[in-house]
Structure formats: C-alpha cells, structure tokens
Amino acid sequence: MNSVGSIILYAIVTLVMVVCSVLTVTTRKILRAATYLLFTLFGAAVLYFMLGYEFLGGVQIAVYAGGIVVLFVFAILLTGKPADNAERLTAKSTFLGVFAALAMLGVGAWALCSRVTRMLTGAAMPEKAQETVDQIGEQLLSSGHGGYLLPFEAISVLLLACIIGGVVIARKR
Amino acid sequence: MEITLIFWLVPSLIMFCCGVYGFITRRNMIAMLISLELMLNSVDINFALFNRYLFPGQMEGMFFSLFAIALAAAETALAIAIILNIFRKVKNVDVQGLDTMKF
Amino acid sequence: MLFSNPLIYFVVIPLLMLAGLSLCKNIKQIRAVAVIGSIGLLALSTVLLVKYLAMPPINGDHQMAWEGSWQWFPQLNICLSVGVDGISLAMLLLSSIIVFAGSFASWTINQPKEFFLWLILLSTGVFGFFISTDLFTMFMFYEVALIPMYLLIGVWGSGRKEYSAMKLTLMLMGGSAFLMLGLIGIYYNSSVDGQHTWNLLEIARNHAITPEWQRLLFPLTFVGFGVLGAMFPFHTWSPDGHASAPTAVSMLHAGVLMKLGGYGCFRVAIYLMPEAAHELGWIFLVLTGISVVYGAFSACVQTDLKYINAYSSVSHCGLVLFAILMYNQTAMTGAIMQMLSHGLMTALFFALIGMIYGRTHTRDIREMGGMMQIMPYLSVCYVIAGMASLGLPGLSGFVAEMTIFVGSFAHTDTFHRVFVIIACCSIVITAVYILRVVGKLLFGPVHNEHHRQLTDATWWERLSTATLIICVAAIGCFPNFFANLIKPTFVEEIFKVFQYNS
Amino acid sequence: MSPTIPILILAIPLFMFLLLGLLGMKMSHKLAGWLGCLGMGTTLVLAYCTAYTYYFGGDFVGANGERLMSVVFNETWLAFTDKLVISMGFMLDSISALMLVVITTISFLVHLYSLGYMEGEKGFQRYYAFLSLFSFSMLLLVVATNIFQMYIGWELVGASSYLLIGFYYTKHSAVSASKKAFIVTRFADLGFLLGILVLSFTTQTFDFAELCGNPTAQVTAFAGKTFMGCSLLTWALILIFTGGMGKSAMMPLHIWLPDAMEGPTPVSALIHAATMVVAGVYLVARMFPLYLWSFDATTFIVVVGAITAFYAAMVACAQIDIKRVLAFSTISQIAFMMVALGVASEGEGQVCHHGLGYMASMFHMFTHAMFKALLFLGAGALIHAVHSNDYTAMHGLRKFMPVTHITFLIGCLAIAGIPPFSGFFSKDEIMAACYAWHPVIGVWMSVVAGLTAFYMFRLYYLIFWWKEHKIEHGHKPHEAPLPMLIPLVFLAAVSCVAGFIPFGHFVSWNHLPYDIHLDWTIAGISVTIAVVAIVIATVMYRKENPLPAKMKALLPALWDWCYHRFYWDELYMFITHKIIFNGICRPIAWFDRHIIDGTMDAMATITNKASVAIRGLQSGQVQMYVWVYLIGALLLCGLGVMAVIL
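Chains as they are written, first to last, in the working numbering: chain A, 1 to 173; chain B, 1 to 103; chain C, 1 to 502; chain D, 1 to 646.
Since the hints were derived computationally from the structure, they do not count as laboratory data.
Treat each hint with caution, since some may be false.
[Unchecked claim] Short, incomplete list of chain D residues facing chain A, as computed with Cβ under 7 angstroms:
1) V628
2) L636
3) C637
[To be verified] Have a look at the derived ranges for each label pair, beta carbon to beta carbon:
4) B:N92 - C:Y188: 55 to 65 angstroms
5) D:Q621 - A:V168: 17 to 27 angstroms
6) D:L31 - C:T458: 48 to 58 angstroms
7) D:A643 - C:Q195: 40 to 50 angstroms
8) D:K578 - C:P376: 30 to 40 angstroms
9) C:E367 - D:P587: 57 to 67 angstroms
10) A:V168 - C:I470: 56 to 66 angstroms
11) D:R615 - C:S69: 44 to 54 angstroms
Ideal Cβ positions, reconstructed from N, Cα and C, are used throughout, including at glycine.
Given the sequences, and given the hints that come with them, work out the whole structure.
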C-alpha cells in the first residue's frame, strides 16, 4: 500500500509527463517544444527517484535536461527564428500522425493487455536496499559476471568518436 | 491503492505515441529530434521500471537506461552537428527539401 | 621451411617489389624497381627451369618438383601448397618474360607508381596461380589476378574504358562464380573417407569424384576457366577489354591471364574429372571449335587494331581449349605450346599496337598506312608477329598449331576429326586478316602526312619487342626442347584419361 | 657423304639472310649485293660438288645400277609421337640433286643480274636478304627427308615469295598482289596440310624413305578405307596435290601468279618461273611411288594439268603486259609437267610407257627453268630499258638491244620446241608420254604446244619488230649493263645445249638409268605444229597490219574472255568480297557485337534497371522510413496476434 503522498506524487508526475509530451509534439513554436521536452524529462527524472534510482535520475537531469536540451536550444536559436510558428499541419499529415500514434498505442496496449493480469496483480514495488553509487561504479567497471566494462569502454569510444565527429561535421570550412 | 507496474507503463506508452506522432508530422528536423528524444525517454523509463518491479535484485535495466542516455547524448550531439551543417548549406532545416543527399 | 622453397619467391619477389615501389619517389626509382624485380623473376624461372631439367627423371617421367605445403586455414584444410612440373614452369617462364617485356613497354606511363603497384599485384596473382597445387589457394590467386585489371583498365585505359573495365571484370567474376561452385563441389567430393582436401594431386590420386558429380562439376569448372580462356560465347569481354586496356595490361592479360583459363581447364577440369570430360567433352569441343573459326572470321572485318588482335586471340585461345579436349598427349602438348606461343606473340602484338597507338593516337587501320616508311623497326616487328600468328615455320605459331592438328587428328572419332578439319581452316582465315592488316597498316603509301614526323622505336621499346621476338623464334626454331619440357610430365596423368579414350 | 657440305648448302643462305636482314641497313648497297652474290656463289659451288658427287661419284649407285636415295643427315626437330617425327635433314636423290643444281644456278644468276637491275633501288639490302631467305627455303624444301620438312620449306618459300612480290610495298598493286599470292597459296596449303594429316594418320610416318621407299606397305595401311565413295589414299593424294596446285598455279588456284609479276623482274624469274612454282611438280614427283597406286589421283592431275595448260595458253595470246604473257606461259608449261607426271602412271603401282612421263616432266622442269628464267631476265632487261611492262611501249627494240634480242629469240625458240633448242627435247618426251597414255591428251597437248609457239612469237615480234617509237628527249633504249647480260648469255647457251643431256641417265621414275629415244613421228608432228604456229605469228605480227584486229573482230567474245583471263579474278573477287567478306565475316562480326555481346549487355542493363527501380524506395525521407518501419512493426504484431489466436 503506497502512501497517499506517493500517490499524489505519482499523479503529478504522470500528469506532467503525459501533458508535456503531448504539448511537445503539438505546439507550433519549436522553442516551446524544447521547453516542454525539458519538463517531460524532469518528470522522468522524478520517476527514477521514486523508483530509487537516484544515480539514474541524477544522470537524467544532468545529461538530458542539462546537456541535450541546451543543445536543442542552441540549435534552434542558430537555425532559425524561434518565435516563428511552424506552418499548420495539413489534415492529411495530422491524420497520418494520429493514425501512426494510435497504431502504436494499439500495439502497446495490446501488449499490456495480453499480460494485464500479471501487471495488475503484480506485487507492488519490492522493497530493496538502495543501490549505492559505490555499487554502480564497481559494476560499471568490473569485467566479471554482471560487469559492464566492455559496454562502458565501447560507449566511451563512441562518445569520443561523437566528439570528433561533431567537431568535424560542424566545423566551418 | 497500489501503484503497480501498469500505472507507470501507460504514461510511458502515451509518451512513446506522442513521440511517434511528432516524428511523423513534424518537418523541422530539430522538432523530429525532440520527438525522438521523447521516444527514447519512454523506452528508458520502461527499462528502469521493469528492472525495479520484476527483477529487483539486478541492475541490468538501470544500466541499460544509463547507457541509452549516454547514447542519446552522443546521437543528439552528432545529429545537431549535422543539422547545423545542412542548415549552413541550404539555409533550411526542412526534411522535405532535403533530397540532395539521396542516392 | 616456407622460405627454403624456391617457388615461394615467385610470390615474395612481387611482394618485395610492391614494398619497394611504395617507397619510390620518382619515376627513375620506379623503373629501377620494376626492372630489377622482373629480371629477378626471369632469372628465378630460368634457374628453376635449368634445375628442373637437370633432375633425374623417376620412372622415365619428370615429377612435380619443389613440392611443399603449409596449412593456413586448418578448419577447411586450406593449405598453401606449391609444386611445379614442366607445364607450370613453362607458364612461369612465359609470365616472367611478359612481365619483363611489359615493364619496358610501360616505360612512360602516367602515374607510374600506382600503375606498377597494380600491375605487380596482378602478376603476383598470376605467379601464385601457377605455383599452387591447392585448389583454394589457386582460386585465391586467380582472384588476385583479376581484380587489379579493373583499375588498370578503368584508370589507365583508353576509349570506353569504364565500360570495358566493368564488363571485363563482371564477366570474369561471373566466370569465377561458376568456378567457385565447381571447386567447392570438388572439395566436398574429394575423398572417400570424409577427409576432404583441396590438394589437386591428392584429389587426382583419390579419384573419388563420382561420375554423377563430375557431370555437374565439370561444366562448372570448365566454363569458369573457359570464360577467362575466351571460349565462345563467353568471349566478348576480350575485344572490349583489350581495346581499352593500356599496353602492358593488354600484354599481360592476353599473354598470361588468358592462359590461366587454359591451364585451369587442363589442370582442374580435365585432370580431376576425366570421365565427365570424356562424356561431355563434345559440347565444349563444338563451342571451342566455333571459337576458333568464329574469332578468325570476326577479326577479318574489324578496323581497330586491338579488336583484330583480340578476336585473333579468341581464335587462338579457342585452339588451346580445343586441343585440351582431345585428350591425347600430342594434342595436349600442342595446347601448352600454343599457350606459350600465343602468350608471347599476342604480347608482342599488343606491345607493338600500343607503341603505334602511342605515336599516331589512332588504332583505326583505315586512318593509317605506310607505317613501314615511317617506323621501320616497329613495322618489321609487326610483320614478324603477324607471321608468327599465321603460322610461319621458324616461329612459334607453326609448331604449336601443327602439334595440335597432328595430335587432334589422331583422335579415333570421326566427329572429332571433322572438327579438326574445320579448325584447320582457321589457318587460312588467319592469313587473311593478318595480311589485311599488314597490307593496310604497314604497306602502301603514307595515309596521313602528319604521320611522317613520327619517330621509330626507342631503346626500351626495342628491348621489349626484341625479347619477345627472340622467345617466339626460340620456340619456333627449337620446338623439341619445349615439347620435351612439357610432354613427359603428364604422360602418366594422361594415361588415366587414355583408358576412357580407347 | 659427310654432312658438312649439305649443312653448309643450307646454312650459308640462311646466314646471309640473317646477316643482310639484321645488319643490311648499315651496309652500302654494293657491299650487300656482293655479299649476297658471294654467299650464293659459294652455295652454287657446294651444290654443284654435291650433285657431281651424287651423279658421278659412284657411291650412290645400288646393286642393280639404280641411283640410291640417300639421307645425308636427319636430325629430330619436333617429335609428335614416337613415330610421327619432324626431322630436319638432307636427302640426296636424283631429283633433289637436280633441283639443287637448278635452284642454285638460277638463284646465283639472279643475284648477279639484280646487281644491275636493282641498282639504286631503295631497300636493296632487304632485297638481297629476301633472296637469300628464298634460296634457303627452297633448298630446304627440295632436300626434305620427310613430308613435314617439305611443308615447312613450302610455307617459307610462300612467305619469302610474299615478301618479294610486295618488295615495292608503297605500291598498292604490289601489296595486294603479294597478299593474294599468299592467301591463295595458303588456301592450297590447307589442302596440303589436311593431306599430310590423313596420310600420316594412316601410315604413321612422315618420312619419305618409308613412304616412297616402300609404297606397298603404305598402300596396305590404306586398304579398305574409303571416305565419301573415294578411297582414303586418293583423298590424301589429291589433298596433297591441292598444295601443289596452289604453288604451281594450276586452275583454279592460278590467279595469284599473273599478279605476282608486280614483284621485281629477277624475282619473277627466280621464284615465279624457275623454282618455287615447280615445287608442286616436285612434290608430286617426290610422292610419285604413292601416286602410282591411285589412278584416280593421277587422272585428276592429268585433267587439271591439261585444262590449265590450254587455258593459260589461250589467255597468254591476249595479254599486253609482257610479264603477264610470260606468267601465263609459265602456268601453261608447269601444267605440261604436271600432265607428264600424271600420264606416267597407270594405277595399281604400274607405270605407263616405262614411266617416260616422270623423266620427261623432270627434264622439262630443268629446261624450262633455264629458258623461262632467260625469258624473264630478258624481259627484265627490256623493262629496265623502257621502264614499262607493256609491249605497246616497246616495238622495234632489236636495233637498240642486240644481245637481249638474240637471247630472247633463243628463249622463244626453246619454249616453242624448235630443235635443237632444249625445249624441243623435253617437250617431245612429254608428248610421247601423253600419246602413249591416251591419244586425246596427246592431241590436246599438241594444240597447246602450238599455241605456245604462237603466243611466244607474237610477243617476240611485238617487242622487237614493228616500227620503233619516236625517241623523245634522248630517252634512247639502251642495252643492259654487264651484270645483267652475263646471266642472259649464260642461260641462252644452256638453253641451246641442255637438250643434248642424256637426261634419262640421271633421272627416272625407278632411278634406273634409261636411254632417251626420240620418237620421230611425234617429234615431227610437234615441230610441224610449232613451225606453223610461228609462221602464223609471223604473218600476223611481223609488221603492223590489220590482221590481228580482224581476228579480234571475228571472235570478239573469245578475245574478251582471253583478255580478261576468263574472268577468274572477278569470280574470286566476288567469292572473297561478296560471299566471304560480306556474307560471312560481316554477319559474324555483327552477330558478335549485337547478339552475343548484346546478351551480355542486356544482362547488365536488366540488373541496372532493377537496381534503379529498387533504389527508388530509398527516398531519403526519414518519415517515409518511419512509416515503413511502423507498417513492418504492425505486421509483425499482427503476426504475433495471429499466432496467439491460432
């Protein structure tokens, strides 16, 4: 049984996430879309905190909210007049978009429903000792069972490649 | 009232659908990228959720999300670099007009 | 030990040349590397030939010499197996002569470094092919020899070079697709006890390919190699490819690479699958018989020098495959002689055409005439090449063709003999197109007054052509030496085939 | 006999060829010319020694007094199988010794003559190199110990003939004449080659000693083998004879010889009158023991020879180019030899009339070589003087060129068969052999002999009599220089006396000495015919008169056909150009370009088209991809649902 506080928190988080994501894709001003995205991401971060993944939440805020969204904003500001409205969507493209979204929704819903009993009756969030950053760091850099050294290194190489790639691509000739 | 897995999954699904909608309808590349982030984020959430609810003893889901975030950052950085580059060339970020790189 | 086997050096020297070339700074160094390397190869093949001849024959026959095998992919039994007999040695000698002459013929090529890199890579493939006794390694070298051709023609060629390069590469690749299938089929049928092998000699010894499989695999291998041997109707890469290729590439391609086809047909298709060769040989006999006459007739009406020579190659190479299919010793000796002879004289032809083209910038015989007055040396060489091609005694063409005809006519079957008579007709048609070219190109009044300013051959061109002419004349004057070199080595191999013949 | 001299006989001309061919351009004309003469002179001496040793040395006479066939040396050149071996050797027997004498004599005289005739020509050294090459090849041919060596020599003389006919290579006519000569003879050689293949396949040998030394064994090997209703032996022999037809310019392969006159005149004398063109006769003579066994083949030879002789004589009557007249006369005379060889056989190994024809043929070959070379060299002197080949440019030259005039007259008398000149004797033997074989052939050949006398004297009168042209600008025709006159006088002398050689003692079909008996009846008929023909010629052509024109008007068609050589050249042109070139080569080339290559290109085009079609799907529009992805995902889900439901 969750505490009322957590239920209220849940309601707020889901509401923010759902509303902001809808707004992100419907607003015609691109800068606003980025802002709504930021709220959605914050929502997700709160969710991670609620699940007990503080580190993940922190990363979410730092990387997504702090990094990516800022990048978006820069890009938006660099590429156009942020105040401009995007042109109105034609009925056809709206229809197509809605159709695709609903189709996805249908698929997802079907997937949920087909397992719905288990989902609904499934136990509440199990109580568990919080993962410490120590643990995470150890596991991230260990090469034994459950170690993530290889993907970690791969990611770091990828990031390096991205940095170089980004520099090269965006470089002025 | 118990907040079970499904309570979290539904908003995540909606978020994903919003991403799909945005990705298909938007013609501004940055907007498309934003939609993409939405989808990615919803997937991240799902990973974390499944991990937390179904396999609490392990951390695979969380790590997956962690890496996905890192990847998303990389991908966004690169994509934005490309977008900026294209913008410099064609003064436009509209995907519809971008078929010079086709073939 | 790998490096104690002298045959390995046929691959090592080109690789060293490649390394040397990549360090070169100017054209002088490049030429030096090419010349030194090709002299090294020539010396190596000559020394091996002398040593081989000095070997005491076992049971009256020369055996495979310098055999060696090193595994390099154990899971599939792929080895680097080497070994040569008289035939492969003759081919190696031919290749090194042509590489030598080719280096001189491309003395003033553009972008020499890249050109020689590819050319030498190509020759690596050729040499590797001839020394290998492992089917897979053989195939690998075969591919190594094919690929550089694309770039060499595409970059340094003339005329519709992209088209020709693409066509040549694709058709030969198509051929090697067939070949690959055939070789894999041979591998999986190579032995009775399940211990598969790629080694030619072992496969022949095991003699385990059932006639049913042979019937399937023989056409695949024969066609696969036959494409490179310019067998009708898979010959059309040859006119276009040769016409566009630069001089040295034409020389190497017609002189050596087309021999890979004949050699492969002989070494793989006929040698490993004699029953099917006997049963299905007639189909290919018809095709090669057509090649012989058809190529000659086509050559009669061409106006581009290189096309004429390419069609003439179709005709002459057709004769090689034709003779191979007769499976008797004399005809096969003739086939190998024809490979040598055709290799040398067609290389000579292409060298000369390249040199003439380099001066006149046209290869159309209608636009040239009276070259004898302008460049007597080249013209005389051209006449000699023509005479060799139409089978003048004292030059190589005669002995090869006569050996083929006499050997083929000894076939007991009337059908085969009728085809020999048809093939014999080609000697007349050959005379027609050769004399037509010689008459139009070299004799008569000077067609274009601007051509009067052109110069005769330079020293490197003289060296290149003289080498080839001396070799052509050597074979033509002392044929028994070459016949004996080639002959004894496959007496026993042929005897197996002979059982099916009689 | 030690092999040194025979080897030298072959080696010296070959060496001279290489020397003059490779270094000639560095030499002066004089040096090259004298070197050539010196080489050929040495060969001449050596050949005479060899022939003398053979005929008179006594070492080569067998138990029954027959002349032996001796292989002086024989080295393996190329071994096809254990039995089929091409050797390079030197065979000495009565006919090869005879040919050695003929070839070296004429060749030396031509070398000498050319010093004057070719003086100052561009490519003088090359000319001598080719002459040496020719001499070498021809000697190689006649001393062949096996049929393949002969074939090799055969091809080589063909090539050297090609080179010499095309000596003036800047002239179109010379180039096409040389090409024609080579290709026509090549075509004939194809027959020769096939004949060799059939023969060697059956008998398993190339060797003349085996083939001709023991013909019955070879005939047994052929026993019972037939092909298309004719015995295989006949096939083989006729095919081999085809080679001879080509080289010896028998109908219908004669067309190259008149054109071959484009070459320098001494070359015509050497190659196209005295030596190479009789190679066909020599070939048949060499294989004579085998020909004896096939009556069909010898009959074929007789028929071909008879037709050719008559045809060539007819045509010779209507030519205006003096060299062409001589060329047709050569064809006709060689046909005489062929007929003589043919009529010596009665089939089944039996000879007709003691094998007289064989001896007669060889005799005529010898005398003809001398007087025909004389005539050609005389013609050369005339051409040298007036710079034209046409008799219309000559007329009345007897005053200006007395030596040439006399020697030419001797040649004409010899070829016409007037005693005591050499032609009379040899031709008479041929006539006797022909009458003995079949009277029809005898009569036929007599008519041809009459025609021969007629056209030769027509030529003679047209050149030397009539009224001379006006002399312009001091271009007075002059007598030839000394190097040209010596051969003329020498050959004229030989032509006068050669008939008295007891030829039967040297050459006969079975190598047994044989005494020539003149059959006075036949000789009388022949001489009468010849004299009548000469008288007619004298009446018609002694002076300019309207008789020839009247004759022409009387039989315009005949004259036309003769003048145009019975349109053989046109027929050949039609066959080669219209049928072979346009009817076979072009369609094949078209087929290759458009059908075979078209198929390959079509395959490439189809691939290309298909890939372009598929490439259109990759529109480059991200949203499009998303759609495709979505649809794919939906389909997969649908499948999943189906799976769950079912």
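How the hints compare with the structure:
1. V628: Given a least distance of 12 angstroms, the restraint on V628 of chain D is violated.
2. L636: 9 angstroms, violated
3. C637: Hint on C637 of chain D: holds, closest Cβ of chain A at ~5 angstroms, below 7 angstroms.
4. B:N92 - C:Y188: 55 to 65 angstroms: 59 angstroms, holds
5. D:Q621 - A:V168: 17 to 27 angstroms: 26 angstroms, holds
6. D:L31 - C:T458: 48 to 58 angstroms: Once the Cβ atoms are compared, 28 angstroms apart, the range 48 to 58 angstroms for T458 of chain C and L31 of chain D is violated.
7. D:A643 - C:Q195: 40 to 50 angstroms: About 45 angstroms separates the Cβ atoms of A643 of chain D and Q195 of chain C, which means 40 to 50 angstroms holds.
8. D:K578 - C:P376: 30 to 40 angstroms: 36 angstroms, holds
9. C:E367 - D:P587: 57 to 67 angstroms: 25 angstroms, violated
10. A:V168 - C:I470: 56 to 66 angstroms: With Cβ atoms ~58 angstroms apart, the hint holds.
11. D:R615 - C:S69: 44 to 54 angstroms: 47 angstroms, holds
Checked against the numbered hints above, the structure breaks hints 1, 2, 6, 9 and satisfies the rest.
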